[in-house]
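Engineer: Chains as they are written, first to last, in our numbering: chain A, 60 to 844; chain F, 29 to 328; chain H, 650 to 809.
These aren't lab readings, by the way, just hints derived from the structure by calculation.
The C-beta atom is built at its ideal place from N, Cα and C for all residues, glycine as well.
Just so you know, not all the hints are guaranteed correct.
A partial selection of chain A residues facing chain F, derived with a Cβ cut-off under 10 Å [claimed, not checked]:
id	residue
1	ALA177
2	THR354
3	ASN762
4	SER764
5	SER773
6	SER829
7	PHE834
The residues making up each chain are set out below.
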Amino acid sequence: MATRARTEKATHPVGDSVPRIDAEEKVNGSALFADDFQFGPGMLYARIKRSAYPHALIKRVDTSKARALPGVKAVVTGDDTPGFIGLYLQDRHIFCRDRARYVGDPIAGVAAINEEIAEQAVDLIEVEYEPLPGVFDPEYGASPEAPLLHPELSKYEVVNFIFPEPDSNISNHFRIRKGDVEAAWAQCAAIVERKYRIPHVQHVPIEPHVAVAKVEESGKVTLWASSQSPFAQRNLIAKALGKSQSDIQVVAPFVGGGFGSKAGVSMEALAVVIAMKVKGRPVKLRLTREEEFFTTFVRQGVVTHFKMGCDKDGRLIAMENKFFWDGGAYTEYGVNMTRAAGYSSSGPYFVPNIKTDSYCVYTNHPVSGPMRGFGMPEMHAGLEQCIDELAYAIAMDPVQFRKINCIKTGETLVTGMTMHPTGLSECLTKAAEAIAWGRKDPPSAPNKRRGKGIALMWKAPAMPPNAGSSAKVDLNEDGTVTVSVGGQDIGQGTFTVAAQMAAAALGVPMDWVRVNTPLNTDYSPYEWQTVASRLTWSMGNAVVAAARDARQQILEMVAKAWDEDPEYLDIIDGKVISYKSEESISLKNIVVYGMSLPNDQGWIGGPVLGRGNFMPTYVTGLDPETGQGPRAVVHYTTGAQAVEVEVDMDTGKVEVLRGVAAFDVGKAINPDMVRAQMEGGFVQGISTALFEGLQLKEGFLQNSSFVDYRIATSSDAPLAIHTIIVEVPQDDGPWGARGIGEHAMVPTIPAIANAIYDAIGIRVGSPPFSSERVFLVMQDAGLVD
Amino acid sequence: MTINAHPELPAFDYIRPASLMEASRFLAQHTGDARPLLGGTDIFVRMRDGIWHDHYLVDVKRLDGSGELYFDPTAGLTIGAGVNMNRVVASPDVQQHYPLLAEACRSVASYQLRTRATIAGNICNASPAGDTIGACLVLEATLMVHGIDGFRQVPLSGFFLGPGKTVLQPGDIVTTIHFPPPPKSHAGMYIKLGRNQKSDLSIVGVTVYGFPDSKAASGYRFRIALASVAPVPLVVTAAEDYLAGNAIQPTAFKGAARLAQEACNPIDDVRGSARYRKAMVQRLTEKALAITWDQMTKRE
Amino acid sequence: MTIHQITLTINGGYEQVDVPANMTLLQMLRDKLSLTGTKNGCNAGECGACTVLLDGEPINSCMILAVECAGADIVTVEGLAHDGVLDPVQQTIIEHGAVQCGFCTPGILISARGLLDRNPNPSEDEIREALVGNLCRCTGYLRIIDAVKDAASRQQALLT
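Here chain A stands alone, though its shape is the one from the complex (with noise of 0.2 Å):
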């Protein structure tokens, strides 16, 4: 092994595409999810009565045939919890009181030996519903003819940035009053108004939610769950129930697949109710697919208003929109993507003039809650399409109008606040290069039809604007290096990037570093959820904070040993070094044992801890009648995605053939993960864009299964997707990072929808563009008979 040199400088794993620390245990079947723990013979399963009816009170509920059942342990009902739960609205009942909002809406709940007496109990109760007239329609919802769905709205507890309209259906009105628009029309050469209709989609996480909860007689509750927000779902259940936060206790381990389904609470406080009646006993809940597409979140749809006009040099001058989110029958959750999709609902363009009215309504259809992209991708579905039809209204190149508007450094947001750093200009151009833009190739055969598109994105973590990580650092008798967050990994590869940094942050070789896992909100340290792209910028800040803590430690100690200035000692590939003397000494036992002093005079430090958190401290209110001030968000990442399709003229089907993504992460802290996140969404974004859509009828789900919910297979995966990293840094975001995870799929739908248009010259607008839906626009516009 050959001597390094004094100076050199150790790896730094921050920038390397190391492999995920967790991969060995996924491929060899041995990584344990929520239902692979084994609870023994005394667990118990637990099913749910949900509501048969979209919106109906619930004037009786008869649980004596269930209760007398043997092997059935407990029933509970909406008696048993009168408490209401919520994130940023508290809104909802964990199970039905007086009346039920949608179709699914727990009513009761069985816990029983085995799931088919669970299911046998569920049957026996009896529910007398007295129907009552549903909203179907979030327009609908929002007008004074529409019922109202939570007559008590005013009531509710509220967080002081969500504004619900009383005695209506609006949940939260977002506003952005920014400029004159009425006045700015004027002055636009051309102006595109259109209306898009999104469609619910759901998750679709690979793994169907299930949750185990097991209250021992002290009252004490312990859940495991597939879960993306352990310390959320401890403290939302706790308020619900009334119980302190420490008195619950939340195992998340891994989990196959979240996309926002899994943060904040759906079916997890169900499980702890039911539990709380058989004391020390665990009580299994898991759902079935069918229940995963509707009984937990879906992203809701929503009907978006766009009239947005340019100057005749291209530069936009005015856009107005209203946007009315299909929240569904609980937005406890969903108030807040339609207030982040307000103060984003410029997109990522300077537009000197707008005007926004964003509204939540609640419907009677299954509950809306965070998805990956959080509003946005709904949002830019129909806003990039409009600047796409912009630009051919003034006979202007669609990547070209976008050089001119996309957000550069220095420039004023839509809520005023000052755009920070930003390198979307170049995921512009490289995007544009990377597809050939401009460059026809021929069709692969006569009956097809080619064309690209490009769409650009931006989307800031929307959270409340003190949403706090915290992390810790022991380091252990052998030098090796144990972090602890509360940061889940989800698949996006948090506790490798965790332990990147921390080894990075402290000076220790890679593989000397070990995460704390699962997530247990017992010992983790605290994170407000995984969710908003968040973790590797704040979970990242605080993961650096922690090590740096332990490093200063230790170097504090070893400074005294040598009696030398801190300042000249660093810590490199796990030892600590002094620049000055050249003395060196492995961090091994030290960090536990301390050092003795010269001449067995005694000893000096001790184990060391290192603890960091990281909470933005600037991010300030906006005015609810304006919807501006000084800072809206912490930061945004910015992106492009371009697409070249194929349209067969047979069928109208669209095939995706490839892909380029180019987004601004600051600093890719694992490149290879960075770029895989681009790759997943782009095809979550395809698959949204071609093929997805939940059926409601009537808030009745027609298609609640894989057979007719259908997600992109190997076979719809393009042939190939280019990815393209920019960084420029993130003042406050470690080695200058943010977040990538959501951003993946935002421009997705868009990008088609304006490669379809170049394609056929027809603008296809709502997605999904089934191969129905794009064949009838052609019949309909005559280019096919």
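Starting from the known structure of chain A, arrange chains F and H on it as the hints suggest.
Structural biologist: Frame of chain A, contents of chains F and H only:
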């Protein structure tokens, strides 16, 4: 019911009869409460969805003849009811002499499902969307059926009475499917239009088969079967007769395709609208006829 | 409901299990034998998370009764590695960064193993076709396809 799918299968007894007669008798004795089990790909889904509640599943995969797959140039092809679709796809005899059948099998679902799925099961399930049924119809398959009165042959044409309904009686078990030797210079194709590129159920399925036939006025015989556009897998005799009686040229295919469109009776459902299906029947039938003709004339 | 006593081979080991008639192979593996590597994603033969090898062929273990597997030779993800050495499909899926949440991974590995056993040199189209019954929501499939191609060439190299 708000929620249809049960987490697991309901309780039932698994019966493994030792002989075909034992199987037929048991099924007949428990009419409405017993079902023959081949690959289970339809049964398990329906039982978990609460649609079927039989108390007995009678495994008929391993009875006489159900595992055989053999070809004889004069007698034709025999496929046992228990032979899974992957075996059919991989068979050199099928690939050489009945490539249309291999193509149809290959279009079903996924490789994993085809390890279980059987052509006999596809036929007996009698879904108008059944991918292999069109090929079996155009290849003039006959079923060997064993019932309480013993064996009998049932031609596939006329077998289907409605969605999920066949001429089979209580106690009937399909044991083998038989295909006559293929005519010279035959060609055929199955165009399956799904939502995904592969693995979906068909929105529309078009099976075309053609061969030279001196007994036909045009000199050629075509067979056309459509999936997912009628209550049963639909053989378009009007189009077949038209092509048998009129000189073969591109306009003839257009004419035949229009007859196919007129013959079909699709509905609006989650997978597609009637309007789209009708349009696709016309275009895909025309396309399949043209391609089949092209292949056929190359082989003559 | 009858309980059947069956014997079969799982990952090279002889097993004797009592199974009710309506228990699927998937349930037997997970609940009776604690082989939780094989996953339940839909219980309807659509997602492929439950894929195992039965007599060398990939099959959805949620779509076959345990009792039907009497005498069969089953391989699950836990049985792919030998003497601690990962199977080429396991190695390459790691190296290509084709594992994210990991829930589809066991089924994908089994389908890939089955493919290479019957077709040692598959084309890209054949790989896509072989994996069409394994849904993945995280990776976008391209790296998985590359990994299988790579595993095929590594196996070929070992033979030559």
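Engineer: All hints, please: hold or fail.
Structural biologist: Each hint, compared with the structure:
1. ALA177: holds, 9 Å
2. THR354: Hint on A:THR354: holds, closest Cβ of chain F at ~8 Å, below 10 Å.
3. ASN762: Since the shortest Cβ distance to chain F is 5 Å, the answer is holds.
4. SER764: Constraint on A:SER764 satisfied, holds at 7 Å.
5. SER773: holds, 8 Å
6. SER829: holds, 6 Å
7. PHE834: Given a least distance of 6 Å, the restraint on A:PHE834 holds.
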